[in-house]
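Number of protein chains: 2
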Amino acid sequence: MTDSPPVTLADVTLADVRDAAARIKGVAHRTPVLRSRTLDALAGAEVFVKCENFQRIGAFKFRGAYNAASRLSAAQLAKGIAAYSSGNHAQAVALAARELGSSAVILMPEDTPRSKKEATAGYGAEIVTYDRYTGDRVAIGEALAADRGLTLIPPYEHPDVIAGQGTAALELIEEAGDLDALVVPVGGGGLIAGSATAGKGLLPGLRVIGVEPEAGDDTRRSLEAGRRVPVPVPRTIADGQAADIPGALTFSLNQRLVDGIALVSDDQIRDAMRFAFERLKIVTEPSGASALAALLSHRVDRVPRRVGVIVSGGNIDTRRFTEILHG
Amino acid sequence: MTDSPPVTLADVTLADVRDAAARIKGVAHRTPVLRSRTLDALAGAEVFVKCENFQRIGAFKFRGAYNAASRLSAAQLAKGIAAYSSGNHAQAVALAARELGSSAVILMPEDTPRSKKEATAGYGAEIVTYDRYTGDRVAIGEALAADRGLTLIPPYEHPDVIAGQGTAALELIEEAGDLDALVVPVGGGGLIAGSATAGKGLLPGLRVIGVEPEAGDDTRRSLEAGRRVPVPVPRTIADGQAADIPGALTFSLNQRLVDGIALVSDDQIRDAMRFAFERLKIVTEPSGASALAALLSHRVDRVPRRVGVIVSGGNIDTRRFTEILHG
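Protein chains in written order, with the working numbering: chain Y, 1 to 327; chain V, 328 to 654.
Hints were generated in silico from the structure; no laboratory data involved.
Keep in mind that the hints are not guaranteed to be accurate.
Here are the computed lysine to any residue pairs in the SDA-like style, where the Cα-Cα straight-line distance is at most 25 Å [what the hints assert, rightly or not]:
no.	chain 1	residue 1	chain 2	residue 2
1	Y	Lys117	V	Phe602
2	V	Lys443	Y	Leu325
3	Y	Lys25	V	Gly504
4	V	Lys352	Y	Ala41
5	Y	Lys25	V	Glu501
Label-pair ranges, simulated between beta-carbon atoms [what the hints assert, rightly or not]:
no.	chain 1	residue 1	chain 2	residue 2	range
6	V	Gly353	Y	Gly149	36 to 46 Å
7	V	Gly353	Y	Pro109	42 to 52 Å
8	Y	Lys25	V	Val354	29 to 39 Å
9	Y	Glu323	V	Asp367	28 to 38 Å
10	V	Thr340	Y	Val33	12 to 22 Å
11	Y	Pro232	V	Leu369	42 to 52 Å
12	Y	Ala10	V	Gly428	55 to 65 Å
13	V	Gly371	Y	Glu323	32 to 42 Å
14	Y	Gly177	V	Gly371	40 to 50 Å
15	Y	Ala146	V	Asp628	34 to 44 Å
16	V	Asp474	Y	Gly205	54 to 64 Å
Calculated from the model, a selection of chain V residues having no Cβ within reach of chain Y, i.e. all distances over 12 Å [claimed, not checked]:
no.	residue
17	Arg398
18	Leu399
19	Ile467
20	Ala470
21	Arg548
22	Asp571
23	Arg597
24	Met600
25	Val630
26	Ile643
Being a predicted model, the structure only gives us computed values, none of them experimental.
Glycine is no exception: its CB is placed at the ideal position from the N, C-alpha and C atoms.
Assemble the whole structure, with the sequences as input and the hints as a guide.
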């Protein structure tokens, strides 16, 4: 609709990502980068797979949560941290709070699977539930934080969270060296905003491609429109990417940094999960495998020569894995 | 029945394992060693998991096959290599032959699953089948090799194969440092013989514990009896450990080197496969998870303080994985 220059709400720089890397060192895992001859042959490129499924709590989210939490004052940590999430960010904030000697209150939908509630409570967090059909999690979360004097750490709309997520790409490029493209799953947009910041800071010619499920292409539509465009709540197996509108901060960064969005179907994600299992011997959750799916199904145009791909998480139990693959 | 000293048919030394490590370097993967706080808490020890499921062909077998094949003369390599195996050794020899510019003929039971035949043929090997209910694979394999002038690489009864398998433990100890115990799956006995050779060579006080499925405890019985004792063909999900009698060479080494055998049930193996999937985010085949199962189900007596465990392989497709875990 418009050619007016994008407005960046807050900047995140390579220096911020480097500072985050120093803060998370020894607390977050430096996850492995896998190579596979079969994958290279199928993708037609040298592929470097950054395995955030091996990160603490099983997903990249711990990087951003810990980076943000570690910047809080002693007084803030003494009062505690709050977050709203039914997914990996909940466990990430719970563990970050525990690591810093703080406490966490996590707002989750009432119908969150018990296993996820238990995993979060297992890190010592208090769980507060709400009805997601009638309640607005942001408003409830902010009210809860204000009531109790807690500091809220949002899942992606925060420069420290974004800088923390960017450490995944920083490590990947430190290990893989020169890359011509980076392929990253997009949910709320925090991982790709941070990764693009780190990636383009280190390698100015790097192309950064985001990957969304076909049913949840809010970031692709928004980038095309030049403004944040909502989509109907996505129906996809990639529950970590079921965002219906990009974040304001992440979108302002991604407008400047992201070169394109590839879309993948649920079946392409299933095939990538099976490939990861049978050939790479690693467990991926659907959202975690979407960027790999884009490479395997040739949804990334102008095939790169040396490409990094982030496998963003592996939190799935064997029963759900079986349902998704063999329904 | 006897206290006569064990006779070692051929010796394998730490120097042999070190030579093997130099030969496989850059061809075999140096596989990662995983840590997990949850595993440490459950096992009551610091646990170092050597991930041979990430080895080429998906199992440790490539180490021994390549080490043995790489010692053949140019004339032997020009004529070709033979092996008998329905499992991971088949793919290991096929890939070793290809890497060395040789050719391979693999003898497999007629009823080998098509996926395993295809995987082996995919490395360029010729497949010859036999009826495993009427044929003796060793005799047929030797006749085939003699007929065609091929050099036979057996799955475990060979010093070079054993020395090659020992490189898994060598790498593990190089990375983990001092350990007081090493827990290793036992099938034909090659992996544990090589690993015990390397392990006790580096750490004289190391306890080496083998793990067998309850239904296939031929090595445990044989060590107790002081001679090789056959058991009925084992019925277990751990198909890579369904040996019914120890090898003569491996047994002569293991009599000297192995401190004890722990037994695990198929259900304990299932639980370990699920744990590996959900917490470690790695794929294990049943035999590959048996040593981990022994630790998780507290079948290793005198709980060690710092323990290495070998996850020996991850060759299983999603359908078979589902069958085993969710019937």
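Hints and how they fare:
For the hint pairing Lys117/Y with Phe602/V, the CA-to-CA distance comes to about 19 Å; that is within 25 Å, so the pair holds. Of the pairs offered as hints, the one joining Lys443/V and Leu325/Y holds, with about 21 Å between alpha carbons and a cut-off of 25 Å not exceeded. The hinted pair formed by Lys25/Y and Gly504/V meets the criterion: a straight-line CA distance of about 22 Å does not exceed 25 Å. Straight-line distance between C-alpha atoms of Lys352/V and Ala41/Y comes to about 23 Å, which keeps the hinted pair within the 25 Å bound.
Using a Cα cut-off of 25 Å, the hinted pair Lys25/Y and Glu501/V holds, with the two alpha carbons roughly 23 Å apart. Here the CB-CB span from Gly353/V to Gly149/Y is close to 58 Å, at odds with the stated 36 to 46 Å. Against the hinted window of 42 to 52 Å, the Cβ-Cβ separation of Gly353/V and Pro109/Y comes to about 51 Å, which satisfies the hint. Distance hint check: the CB atoms of Lys25/Y and Val354/V are about 33 Å apart, consistent with the given range 29 to 39 Å.
Take Glu323/Y and Asp367/V: their Cβ atoms lie about 31 Å apart, and the range 28 to 38 Å holds. Look at Thr340/V against Val33/Y: about 35 Å separates their beta carbons, and that is not inside 12 to 22 Å. Checked against the given bound of 42 to 52 Å, the beta carbons of Pro232/Y and Leu369/V, roughly 43 Å apart, stay inside it. The hinted window of 55 to 65 Å between Ala10/Y and Gly428/V holds, with their beta carbons roughly 58 Å apart.
A hinted range of 32 to 42 Å holds for the C-beta pair Gly371/V and Glu323/Y, which are about 34 Å apart. Restraint check, Gly177/Y to Gly371/V: a C-beta distance of roughly 41 Å satisfies the suggested window 40 to 50 Å. The hinted window of 34 to 44 Å between Ala146/Y and Asp628/V is violated, with their beta carbons roughly 56 Å apart. Taking 54 to 64 Å as the suggested C-beta distance range, the pair Asp474/V and Gly205/Y conforms, at roughly 59 Å.
Annotated as non-interface, Arg398/V keeps its C-beta farther than 12 Å from every C-beta of chain Y; the closest such distance is 24 Å. For Leu399/V, the non-interface assignment is confirmed: its Cβ lies about 24 Å from the closest Cβ of chain Y, beyond the 12 Å cut-off. With a minimum CB-CB distance of about 31 Å to chain Y, Ile467/V clears the 12 Å threshold, and the non-interface call stands. The Cβ of Ala470/V lies farther than 12 Å from every Cβ of chain Y, with a closest approach of about 35 Å, so its non-interface assignment holds.
With a least beta-carbon separation of about 33 Å from chain Y, Arg548/V lies farther than 12 Å from that chain, consistent with its non-interface assignment. Every CB of chain Y lies more than 12 Å from the CB of Asp571/V, the least distance being 29 Å, so the non-interface label holds. Non-interface status of Arg597/V relative to chain Y is broken: a Cβ of that chain comes within 12 Å, the nearest being about 10 Å off. Listed as a non-interface residue, Met600/V fails to keep its Cβ farther than 12 Å from every Cβ of chain Y; the least gap is roughly 8 Å.
With a least beta-carbon separation of about 23 Å from chain Y, Val630/V lies farther than 12 Å from that chain, consistent with its non-interface assignment. Taking the minimum C-beta to C-beta distance to chain Y, about 8 Å, the non-interface status of Ile643/V is violated against the 12 Å cut.
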